[in-house]
Amino acid sequence: MENFDQQVQFILLTAALLALIFVILYLVGRKKNREFQEHREEILSLHKIGPRDIVLLKDGRRVTITEPIDDGTAFSAETIPDSIFKRADKLTVQADEIEKIEYYANP
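In this note's numbering, the protein residues as written are 1 to 107.
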């Protein structure tokens with residue numbers, strides 16, 4: 001009976017520690033999200049388009065930037081295929097063709 005009590009006590013202690021860890025992670029995540037939302041425009045305005053960014057072009061295509069050309073006036077890019085049976089096309093995109101950035105890759 002003593003062994004059973006120790007096992008139950010261990011399980012309860014482990015569950016309490018896991019719950020505490022999840023609460024801390026949740027609160028830290030909320031704080032970071034709140035900071036990002038408050039300074040969103042400032043943070044995104046500092047972002048330069050670079051590799052792995054996903055952008056929407058004015059003609060409606062979505063492309064992944066692979067590398068900048070001529071200091072950011074043009075970019076080497078690959079289209080994002082609509083289905084698994086299509087291949088990505090490689091193309092060069094001018095900066096004025098970009099409608100908006102849909103995914104900001106980490107620098």
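Possibly wrong hints are sitting among the right ones.
Stated by the list, open to error - No more than 16 Å apart at the CA atoms, straight line, and that leaves these computed lysine to aspartate or glutamate pairs for EDC-like:
id: 1; residue 1: Lys90; residue 2: Glu78
id: 2; residue 1: Lys58; residue 2: Glu2
id: 3; residue 1: Lys48; residue 2: Glu67
id: 4; residue 1: Lys100; residue 2: Glu41
id: 5; residue 1: Lys48; residue 2: Glu102
id: 6; residue 1: Lys90; residue 2: Asp71
id: 7; residue 1: Lys58; residue 2: Glu102
id: 8; residue 1: Lys58; residue 2: Glu99
id: 9; residue 1: Lys48; residue 2: Asp70
Stated by the list, open to error - Taking CB as the label site, the calculated pair distances span:
id: 10; residue 1: Ala15; residue 2: Phe85; range: 36 to 42 Å
id: 11; residue 1: Val28; residue 2: Lys100; range: 50 to 56 Å
id: 12; residue 1: Val8; residue 2: Lys32; range: 33 to 39 Å
id: 13; residue 1: Phe10; residue 2: Glu38; range: 40 to 46 Å
Simulated from the structure, these hints should not be mistaken for laboratory data. Built from N, CA and C at the ideal position, the CB exists for glycine as well.
Numbers of unmet hints, in rising order = When the structure is compared with the hints, numbers 2, 6, 10, 11 turn out to be violated.
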